[in-house]
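K.L.:
Residue strings, one per chain:
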Amino acid sequence: MKWLYDFSYLTHAIHKGLSERFEPGTVVILEMVMVGVAFMLLFAVLGLVLVYAERKVSAVIQQRLGPMRVGKWGTAQTLADVVKLLLKEPLINKDADRFLFNLAPFVIMIAAFMAIAALPFAKGLHAIDFDIGILYIAAVSSLGVIGILLAGWSSNNKYSLIGAMRSGAQIISYELSVALSLLTIVVLTGSLQLSVIVESQADGWWIFKGHIPAMIAFLIFLIASTAETNRGPFDLAEAESELTAGFHTEYSGLKFAFFFLAEFANMFIVAGIGATVFLGGWMPFHIGTWEGFNAVMDFIPPIVWFFGKVGFMIFLMMWFRWTFPRLRIDQLLTLEWKYLLPINLMNIVLMAFLSLMGWHF
Amino acid sequence: MEETVYKELESEEYFINMGPQHPSTHGVLRLVLSLDGEIIRKVEPHIGYIHRSIEKMCEHDSYQQIVHLTDRMDYLSCHINNEAVCLGVEMGLQLEVPERVKVIRTIIGELTRLSSHQLWWGVMGMDLGAITTFLYGFRDRELITDIFEETCGARLTMNYNIPGGLMFDIHPNFQKRTKDFITYFKKKLPEYDDLLSNNVIFRERTLGIGNLSKEDAISFGVTGPTGRASGFSCDVRKHHPYSAYNKVEFKEILRTEGDCYARYQCRIDEMWESLSIIEQLIDNIPEGPYKAPTKAVIKLPKGEFYQKVETARGEFGVYIISEGQKSPYRLKFRSPGFSNLSALNHMAQGCKIADLVAIMSTLDLVIPDIDR
Amino acid sequence: MDNEALKEFILQRVPEAELAQGTQYLQVVVPAEKAYTLLSELKSNPQTSFDYLFCVTGVDWPQHMEVVYHLKSTTFNHMVVVKGKISSREKPEIETVCKLWRTAEFHEREIFDLYGIVFKNHPDLRRLLLTDDWVGYPMRKDYDDPVNMIAY
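Just so you know, the protein sequences line up as chains A, B and C, in that order.
If you use my numbering, the first sequence corresponds to residues 1 to 361, in order.
If you use my numbering, the second sequence corresponds to residues 1 to 372, in order.
If you use my numbering, the third sequence corresponds to residues 1 to 152, in order.
With the rest of the complex left out, here is chain A (with noise of 0.2 Å):
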């Protein structure tokens, strides 16, 4: 059970196994194989599971039980969608863009797989350890809009341009303000690579240790990564009740399961950089110096604590969603440019000064 807390004894004996028998070209290629198809494993089981908990959350929120007949406590369901999804028939508007109509959801996809690429998931489990991974994961995760924004040009129908529109409009606007919070805590790593994030919160969490600005940070990302996922309070790309279902109207099928998906897995991507950065990834949760309570948190092992984080940092956007009416379109843009923006670069200056002077813990 050793690799459960040190991935790195699995990899590495995987890596070892491989090398015994294959050329290192070889190997290389294998190894990258079986990481993608972990990844789409991954994805598969994400959706799975997300689109659940989001009925299940949504159900409690709204007084009833949600979805109970397939399957114990309705947990087929999603399963039986993703059937009925795959055997619909993919339909496609007569004068839509036919290349870029099929290209959108891909190109949608192929960004949140680049982006979980350099997410830490336990130690020793990680793609790619890039030593600039915040502005890695912050570029390929704005490269989503370009798909939105293809889907909504080439539907033809101007429900899908409209919201395509404001969708651009509001990922540039909140990418900005999702880097900037993100730094506030790269302020106090002096790191943009993920794992030494992680490590360097082994004694503790970003959000404790720097206290308030860390805290105004957490709450700007909050709020700016849900933006940046078009999910509700800020799900005006979608609007259903203004544009139908805005920039995925025409789509149906197996492209819109790709949207679909493409939003949880952006959901599940967005959680997991705000837990790593601000709840410390897959470290456990430590007081002090009360070691028998640090030795049972050590007892979980870290894929439990970073899911665990996730789930968590999920189930808040979820509990958004099911909460809050929607904004409209210049009052989300007012709400970038006029108040979160100037409270991040405000918030910026003051932990560099806390930095600087060593306030922080």
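Among the clues, some could well be false.
Unchecked claim - Once the Cα atoms are required to be at most 35 Å apart in a straight line, the calculated DSBU-like pairs of lysine-lysine come out as:
| no. | chain 1 | residue 1 | chain 2 | residue 2 |
| --- | --- | --- | --- | --- |
| 1 | B | LYS42 | A | LYS94 |
| 2 | B | LYS188 | B | LYS295 |
| 3 | B | LYS179 | B | LYS247 |
| 4 | B | LYS214 | B | LYS251 |
| 5 | A | LYS72 | A | LYS209 |
| 6 | B | LYS42 | B | LYS352 |
| 7 | C | LYS141 | B | LYS214 |
| 8 | B | LYS238 | C | LYS7 |
| 9 | B | LYS186 | A | LYS338 |
| 10 | A | LYS84 | A | LYS94 |
| 11 | C | LYS91 | C | LYS141 |
| 12 | B | LYS238 | C | LYS85 |
| 13 | C | LYS43 | B | LYS56 |
| 14 | B | LYS238 | B | LYS299 |
| 15 | B | LYS186 | A | LYS56 |
| 16 | B | LYS326 | C | LYS91 |
| 17 | B | LYS291 | C | LYS91 |
| 18 | B | LYS299 | C | LYS85 |
| 19 | B | LYS251 | C | LYS43 |
| 20 | B | LYS295 | C | LYS120 |
| 21 | B | LYS326 | B | LYS56 |
| 22 | B | LYS187 | B | LYS176 |
| 23 | B | LYS352 | C | LYS34 |
| 24 | A | LYS72 | A | LYS56 |
| 25 | C | LYS34 | C | LYS120 |
| 26 | B | LYS238 | A | LYS56 |
| 27 | A | LYS94 | B | LYS352 |
| 28 | C | LYS141 | B | LYS299 |
| 29 | B | LYS238 | C | LYS91 |
| 30 | C | LYS99 | B | LYS299 |
| 31 | C | LYS85 | C | LYS43 |
| 32 | A | LYS88 | A | LYS16 |
| 33 | B | LYS214 | B | LYS352 |
| 34 | B | LYS326 | C | LYS99 |
| 35 | C | LYS120 | B | LYS56 |
| 36 | B | LYS295 | B | LYS251 |
| 37 | B | LYS238 | B | LYS187 |
| 38 | B | LYS42 | C | LYS7 |
| 39 | A | LYS88 | A | LYS56 |
If you are wondering where the hints come from, they were derived from the structure by calculation, not from laboratory data.
Please build the complex by placing chains B and C on the supplied structure of chain A, with the hints as guidance.
P.N.:
Same frame as chain A, now just chains B and C:
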């Protein structure tokens, strides 16, 4: 040079068909929007997708049959619609209905108004993106429909009224269940405020949106909570009391802002008033027959009768022109939604698409009511 | 103003007006040509100030057509019913009251749609409920629709 640059950057108006199938038109209503970006320049409602020509059908139906057709107009305040026709016919016959009937009609009318406002509240939240409100609204509405089901056998289109009285007497449980509902709902109504009224985003979305001045409200004939939010005192229950409304104490909710939030708050306050009206009457239902004897074939005397009532949406009028036959020569329904819709273009100009949705939901349109 | 004073007021302006007896509201029948004059006087005169038009109805009588205006004053709370009598059933025409009450725009479109009464100077007189290519005016008593016939 400068001029050409300006021309190239000039934006162009474009059209969008909102509806006939659209989630926030609440039915088959088609709005042709002229848009400049997201800003609305003109809204042109196209109605008639579910026009059934009820008025023409009425010219061939007996008065008892006409009552059933009115359910199918504003199905959310069906009881009040029924009541309007019955009152009109009773006025023509100069028939005095028993006190018991008047009180029961009023109680059920107010329950209908409550259930309609509950549904509106849920849908309003949903239109603005807070889907949870929809379920909360329906949760409470269910209790009212249960009461209706027990008393009249139907949950939505109740057909409880007939000319001369009621179809049958109230269920023995009616009073108890209604009182239980009132105690329950008095606890739940503040929840509505917690969830929506005091929400920052909700207030931002509704305050100062879709303004309608008092003069315009009168000129457009906008009635009901929508008109009263603009300061237009148009409550038929106050101005032309019918049934038992002259026996109860209640306030006419008036606000002066005339924006979406005022219309919202008007309906919320109206729910409190409805609760208080029911409370005053529920213990004082007089004993007596539940209908006055009428002939099997009702023939109104030659003449014209106009009866107006206050539905959940506003002033509903029934204009009967009788030639002394068993069916009216001409019957006109003045439906509140029809007039309220005509003000939409005026209210929505210069707003964003998202505001239009908010305005639409505060107008509280029921499309069959408009199309008839 | 009570009904007697209103009668006086109306008869002063439009002497040919016929006043009905024993009706629910005060009822005035005037020729279509005079209807607009009377209505605009009723609306704008501060003594009457009928600012709320709550119902506009078209009626098809065997010999003539009628447009019925139900008026109320929100300041004085008095009511009056004005009927514009259009003598021609073949080519019915009456002046629009859109300028006086904006609600009339929709109501008049509906009447045009169902009765074929042309409202002169109406800003946007098109069919409202029925499709633009509909033939005939269904609410007229002589309208015959063999396809969607209502059987009795």
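K.L.:
Compare the structure with each hint and give your call.
P.N.:
Hints and how they fare:
Of the pairs offered as hints, the one joining LYS42 (chain B) and LYS94 (chain A) holds, with about 29 Å between alpha carbons and a cut-off of 35 Å not exceeded. This hinted pair does not check out: LYS188 (chain B) and LYS295 (chain B) have alpha carbons roughly 45 Å apart, beyond 35 Å. As the CA atoms of LYS179 (chain B) and LYS247 (chain B) are separated by approximately 19 Å, the hinted pair is consistent with the 35 Å bound. The straight-line distance between the Cα atoms of LYS214 (chain B) and LYS251 (chain B) is roughly 19 Å, inside the 35 Å bound, and the hint therefore holds.
Restraint check for LYS72 (chain A) and LYS209 (chain A): not satisfied, since their Cα atoms lie roughly 43 Å apart, outside the 35 Å limit. A hinted pair counts as satisfied when its Cα atoms are at most 35 Å apart, and LYS42 (chain B) with LYS352 (chain B) qualifies at roughly 11 Å. With a C-alpha separation of about 39 Å, the suggested pair LYS141 (chain C) and LYS214 (chain B) falls outside the 35 Å cut-off, and the hint is violated. Between the alpha carbons of LYS238 (chain B) and LYS7 (chain C) the distance comes to roughly 26 Å, so the proposed pair stays at or under 35 Å and holds.
Simply put, LYS186 (chain B) and LYS338 (chain A) have alpha-carbon atoms about 40 Å apart, too far for the 35 Å limit, and the pair is violated. Of the pairs offered as hints, the one joining LYS84 (chain A) and LYS94 (chain A) holds, with about 24 Å between alpha carbons and a cut-off of 35 Å not exceeded. Taking the CA atoms of LYS91 (chain C) and LYS141 (chain C), the gap is near 15 Å; set against the 35 Å cutoff, the hint holds. For the given pair, LYS238 (chain B) sits about 33 Å from LYS85 (chain C) by alpha-carbon distance, which is consistent with the 35 Å threshold.
For the hint linking LYS43 (chain C) to LYS56 (chain B), the alpha-carbon distance of about 31 Å falls within 35 Å, and the restraint holds. Taking the CA atoms of LYS238 (chain B) and LYS299 (chain B), the gap is about 30 Å. The hint holds against a cut of 35 Å. Proximity of LYS186 (chain B) to LYS56 (chain A) is assessed by CA-CA distance (about 29 Å); at most 35 Å being required, the pair is judged to hold. Between LYS326 (chain B) and LYS91 (chain C), the direct Cα distance comes to roughly 31 Å. Compliance with the 35 Å bound is thereby established for this hinted pair.
Simply put, LYS291 (chain B) and LYS91 (chain C) have alpha-carbon atoms about 47 Å apart, too far for the 35 Å limit, and the pair is violated. Between LYS299 (chain B) and LYS85 (chain C) the CA atoms are separated by roughly 26 Å; this keeps the pair inside 35 Å, and the hint holds. At most 35 Å may separate the alpha-carbon atoms for a hinted pair to count; LYS251 (chain B) and LYS43 (chain C) meet this at roughly 29 Å. This hinted pair does not check out: LYS295 (chain B) and LYS120 (chain C) have alpha carbons roughly 45 Å apart, beyond 35 Å.
Straight-line distance between C-alpha atoms of LYS326 (chain B) and LYS56 (chain B) comes to about 15 Å, which keeps the hinted pair within the 35 Å bound. A threshold of 35 Å between alpha carbons decides the hint, and for LYS187 (chain B) with LYS176 (chain B) the separation of about 17 Å falls inside it, so the pair holds. As the CA atoms of LYS352 (chain B) and LYS34 (chain C) are separated by approximately 43 Å, the hinted pair breaks the 35 Å bound. In summary, the hint linking LYS72 (chain A) to LYS56 (chain A) is supported, as the alpha carbons are separated by about 13 Å, within the 35 Å threshold.
Only pairs whose Cα atoms come within 35 Å are accepted, and LYS34 (chain C) paired with LYS120 (chain C) is accepted, the gap being roughly 13 Å. Only pairs whose Cα atoms come within 35 Å are accepted, and LYS238 (chain B) paired with LYS56 (chain A) is rejected, the gap being roughly 47 Å. Distance check on the hinted pair: LYS94 (chain A) and LYS352 (chain B) sit about 29 Å apart at the alpha-carbon level, within 35 Å; holds. A hinted pair counts as satisfied when its Cα atoms are at most 35 Å apart, and LYS141 (chain C) with LYS299 (chain B) qualifies at roughly 20 Å.
About 42 Å separates the Cα atoms of LYS238 (chain B) and LYS91 (chain C), which puts this hinted pair outside 35 Å; it is violated. Our distance criterion of 35 Å between C-alpha atoms is broken by LYS99 (chain C) and LYS299 (chain B), whose separation comes to about 39 Å. Proposed proximity of LYS85 (chain C) and LYS43 (chain C) is supported: the alpha carbons are some 19 Å apart, at most 35 Å. Proximity of LYS88 (chain A) to LYS16 (chain A) is assessed by CA-CA distance (about 45 Å); at most 35 Å being required, the pair is judged violated.
Only pairs whose Cα atoms come within 35 Å are accepted, and LYS214 (chain B) paired with LYS352 (chain B) is accepted, the gap being roughly 23 Å. The straight-line distance between the Cα atoms of LYS326 (chain B) and LYS99 (chain C) is roughly 39 Å, outside the 35 Å bound, and the hint therefore fails. Proximity of LYS120 (chain C) to LYS56 (chain B) is assessed by CA-CA distance (about 25 Å); at most 35 Å being required, the pair is judged to hold. Proposed proximity of LYS295 (chain B) and LYS251 (chain B) is contradicted: the alpha carbons are some 38 Å apart, above 35 Å.
Among the hinted pairs, LYS238 (chain B) with LYS187 (chain B) is consistent with the structure: their alpha-carbon atoms are about 27 Å apart, no more than 35 Å. For the hint linking LYS42 (chain B) to LYS7 (chain C), the alpha-carbon distance of about 42 Å lies beyond 35 Å, and the restraint is violated. For the given pair, LYS88 (chain A) sits about 25 Å from LYS56 (chain A) by alpha-carbon distance, which is consistent with the 35 Å threshold.
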